[in-house]
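*Asks:* For the sequence shown, our numbering assigns the number 204 to the initial residue and increments by one for each residue that follows.
In short, the hints are calculated from the structure, not lab data. Incorrect hints may have been included.
Capping the alpha-carbon separation at 30 Å, the derived lysine-lysine pairs in DSSO-like fashion look like this [to be verified]:
id, residue 1, residue 2
1, Lys223, Lys253
2, Lys212, Lys228
3, Lys228, Lys253
4, Lys253, Lys212
5, Lys253, Lys236
6, Lys212, Lys223
7, Lys223, Lys236
8, Lys236, Lys212
Have a look at the derived ranges for each label pair, beta carbon to beta carbon [to be verified]:
id, residue 1, residue 2, range
9, Lys253, Glu219, 17 to 25 Å
10, Ser230, Leu263, 18 to 26 Å
11, Ser269, Leu233, 34 to 42 Å
12, Pro268, Ile248, 29 to 37 Å
13, Gly265, Ser230, 17 to 25 Å
14, Ser269, Lys236, 16 to 24 Å
15, Leu263, Ser222, 23 to 31 Å
Even glycine gets a Cβ: it sits at the ideal position worked out from N, Cα and C.
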Amino acid sequence: MRGRTIFGKHFLLMIEPHSKWMLAKFSEALPLKTECLPDHVFESIESAEKFVFDLRWADLFGQEPSRTKR
């Protein structure tokens, strides 16, 4: 997932030091711009990273990753 092009990729923007993150997305083409998505704000880095992982997974494979309990 990290090796793919940056165009259209979701990422996290820290909006409060080590306590709040917002989902953002790179533009699909040059010039490279960013778009903030204020409907998706997280207070846990773990939940924020999981959300971005799931979005990137869905972009690659067309569905959310399946979760199994251990």
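*Asks:* Range first: 17 to 25 Å. Now tell me if the beta carbons of Lys253 and Glu219 are that far apart.
*Replies:* 19 Å, holds
*Asks:* Taking the Cβ atom of Leu263 and the Cβ atom of Ser222, is their distance within the range 23 to 31 Å?
*Replies:* The hint (23 to 31 Å, Cβ to Cβ) holds, given that Leu263 and Ser222 are roughly 30 Å apart.
*Asks:* Could you grab the alpha-carbon distance between Lys236 and Lys212 and see if it respects the 30 Å cut-off?
*Replies:* 11 Å, holds
*Asks:* Can the suggested window of 29 to 37 Å be confirmed for the beta-carbon pair Pro268 and Ile248?
*Replies:* 19 Å, violated
*Asks:* With the threshold set at 30 Å, check whether the alpha-carbon distance from Lys253 to Lys212 stays at or below it.
*Replies:* Roughly 15 Å separates the two Cα atoms, so the pair holds.
*Asks:* Is Lys228 within 30 Å of Lys253, Cα to Cα?
*Replies:* 16 Å, holds
*Asks:* Check the following: the C-beta atoms of Ser269 and Leu233 are separated by a distance inside 34 to 42 Å.
*Replies:* 36 Å, holds
*Asks:* Against the 30 Å threshold, does the CA-CA distance of Lys212 and Lys228 hold or violate the hint?
*Replies:* This hinted pair holds, its Cα atoms lying about 6 Å apart.
*Asks:* Is Lys212 within 30 Å of Lys223, Cα to Cα?
*Replies:* 20 Å, holds
*Asks:* That 17 to 25 Å hint for Gly265 and Ser230 (C-beta), does it hold up?
*Replies:* 22 Å, holds
*Asks:* With the threshold set at 30 Å, check whether the alpha-carbon distance from Lys223 to Lys236 stays at or below it.
*Replies:* 22 Å, holds
*Asks:* For Lys253 and Lys236, compute the direct alpha-carbon distance and say whether it is at most 30 Å.
*Replies:* 23 Å, holds
Checked against the numbered hints listed earlier, the structure breaks hints 12, 14; every other hint is satisfied.
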